[in-house]
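We have chain A already, so just place chain B on it with the hints.
Chains as they are written, first to last, in the working numbering: chain A, 1 to 114; chain B, 1001 to 1114.
Hints in this document: simulated from the structure, not taken from any laboratory. Hints may contain errors.
Selected chain B positions facing chain A (Cβ under 10 Å, derived; list incomplete) [stated by the list, open to error]:
(1) Y1048
(2) Q1050
(3) F1074
(4) A1093
(5) G1097
(6) P1107
So these bits of chain A aren't anywhere near chain B, every CB distance computed over 12 Å [stated by the list, open to error]:
(7) L11
(8) V13
(9) E58
(10) L66
(11) N67
(12) S69
(13) K71
(14) S74
(15) Q81
(16) G83
(17) D84
(18) L113
Subject to a maximum C-alpha distance of 27 Å in a straight line, what follows is the list of computed BS3-like cross-link-like pairs (lysine-lysine) [stated by the list, open to error]:
(19) K1011/B <-> K101/A
(20) K111/A <-> K71/A
(21) K101/A <-> K68/A
(22) K1057/B <-> K5/A
(23) K101/A <-> K1071/B
(24) K54/A <-> K5/A
(25) K1057/B <-> K101/A
For every residue, glycine included, the Cβ atom is placed at its ideal position computed from N, Cα and C.
Chain by chain, the residues run as shown.
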Amino acid sequence: DQQVKQNSPSLSVQEGRISILNCDYTNSMFDYFLWYKKYPAEGPTFLISISSIKDKNEDGRFTVFLNKSAKHLSLHIVPSQPGDSAVYFCAASAENSGTYKYIFGTGTRLKVLA
Amino acid sequence: DTGVSQNPRHKITKRGQNVTFRCDPISEHNRLYWYRQTLGQGPEFLTYFQNEAQLEKSRLLSDRFSAERPKGSFSTLEIQRTEQGDSAMYLCASSLGESTYEQYFGPGTRLTVT
Chain A
1 DQQVKQNSPS LSVQEGRISI LNCDYTNSMF DYFLWYKKYP AEGPTFLISI
51 SSIKDKNEDG RFTVFLNKSA KHLSLHIVPS QPGDSAVYFC AASAENSGTY
101 KYIFGTGTRL KVLA
Chain B
1001 DTGVSQNPRH KITKRGQNVT FRCDPISEHN RLYWYRQTLG QGPEFLTYFQ
1051 NEAQLEKSRL LSDRFSAERP KGSFSTLEIQ RTEQGDSAMY LCASSLGEST
1101 YEQYFGPGTR LTVT
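With the rest of the complex left out, here is chain A (with noise of 0.2 Å):
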């Protein structure tokens, strides 16, 4: 039972274009999202998060959407740049629920174009 769901396992975009990255979920409890991204032979690094209680979030070219009523989010990355070809995973856990594990989606890769 895949709870956290990435359906597009790649996706090319041009540089200084948008890249727009989908995660959908099934558990209702899950309160806390994060967004990773992975360079071969590298541990995930810690991009982005947002929190249930909010809709969106931005760190500078990077913007997080939630749509809870949907079960959705969404990674923006504005512009898109070549360093930023890597796997991206979304990941959700319920803190609230008193449980601190997450679970991982299984990624899409994003290739930026020069």
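Same frame as chain A, now just chain B:
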């Protein structure tokens, strides 16, 4: 101290042998997590420590797996009687806890069971 460190980075072992991995978290972080990642998948939660207490374990963590964090600092993950299906990347992450939930990952230990 610039991040989470894991040792060894690579381990090749024969089926049936025991292996032990070490994780050193960021020094002020009181939460420590172990994950397993296989090809094409996101990290899968194995277990979680708050200080020295192991508070949550996944059912993925069979009785051949044991984790410790004896003094609330570094942690070890041991796999006994390794099987080929144990081949994966084992990731450690730490977080500050309290109101900060972002997890910071180490580079991982890649285990190959032959």
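We went through each hint and held it up to the structure:
1. Restraint check, Y1048/B versus chain A: the minimum CB separation of about 5 Å is within 10 Å; hint holds.
2. The beta carbon of Q1050/B comes within 8 Å of a beta carbon in chain A, closer than 10 Å, and the hint placing it at the interface holds.
3. The closest approach between the C-beta of F1074/B and any C-beta of chain A is roughly 16 Å, which is over the 10 Å cut-off, so the hint fails.
4. Evaluation of the A1093/B hint against chain A yields a held restraint, the C-beta minimum of about 8 Å falling below 10 Å.
5. Evaluation of the G1097/B hint against chain A yields a held restraint, the C-beta minimum of about 8 Å falling below 10 Å.
6. Because the smallest distance between the Cβ of P1107/B and any Cβ of chain A comes to about 5 Å, under 10 Å, the interface hint for this residue holds.
7. With a least beta-carbon separation of about 16 Å from chain B, L11/A lies farther than 12 Å from that chain, consistent with its non-interface assignment.
8. Even its closest Cβ contact with chain B, about 21 Å, leaves V13/A beyond 12 Å, as expected for a residue assigned away from the interface.
9. The beta carbon of E58/A sits about 16 Å from the closest Cβ of chain B, which is more than 12 Å, so the claim that it is off the interface holds.
10. Annotated as non-interface, L66/A keeps its C-beta farther than 12 Å from every C-beta of chain B; the closest such distance is 15 Å.
11. No Cβ of chain B approaches the Cβ of N67/A within 12 Å, the least distance being about 20 Å, so the stated non-interface status holds.
12. For S69/A, the non-interface assignment is confirmed: its Cβ lies about 23 Å from the closest Cβ of chain B, beyond the 12 Å cut-off.
13. Non-interface status of K71/A relative to chain B is upheld: no Cβ of that chain comes within 12 Å, the nearest being about 17 Å off.
14. The claim that S74/A lies off the interface holds: its Cβ sits roughly 17 Å from the closest Cβ of chain B, which is beyond the 12 Å cut-off.
15. Every CB of chain B is more than 12 Å from the CB of Q81/A (nearest about 22 Å), matching its label as outside the interface.
16. At roughly 19 Å from the closest C-beta of chain B, the C-beta of G83/A stays outside 12 Å, upholding its exclusion from the interface.
17. Under the 12 Å C-beta cut-off, the non-interface status given to D84/A relative to chain B holds; the minimum distance is some 18 Å.
18. The non-interface label for L113/A is consistent with chain B: the shortest C-beta to C-beta separation is roughly 23 Å, beyond 12 Å.
19. Only pairs whose Cα atoms come within 27 Å are accepted, and K1011/B paired with K101/A is accepted, the gap being roughly 26 Å.
20. Taking the CA atoms of K111/A and K71/A, the gap is about 26 Å. The hint holds against a cut of 27 Å.
21. At roughly 20 Å between alpha-carbon atoms, K101/A and K68/A fall within 27 Å of each other, so this suggested pair holds.
22. Simply put, K1057/B and K5/A have alpha-carbon atoms about 22 Å apart, close enough for the 27 Å limit, and the pair holds.
23. Pair hint K101/A plus K1071/B holds up; C-alpha atoms about 21 Å apart against a cutoff of 27 Å.
24. Between K54/A and K5/A, the direct Cα distance comes to roughly 21 Å. Compliance with the 27 Å bound is thereby established for this hinted pair.
25. About 9 Å separates the Cα atoms of K1057/B and K101/A, which keeps this hinted pair within 27 Å; it holds.
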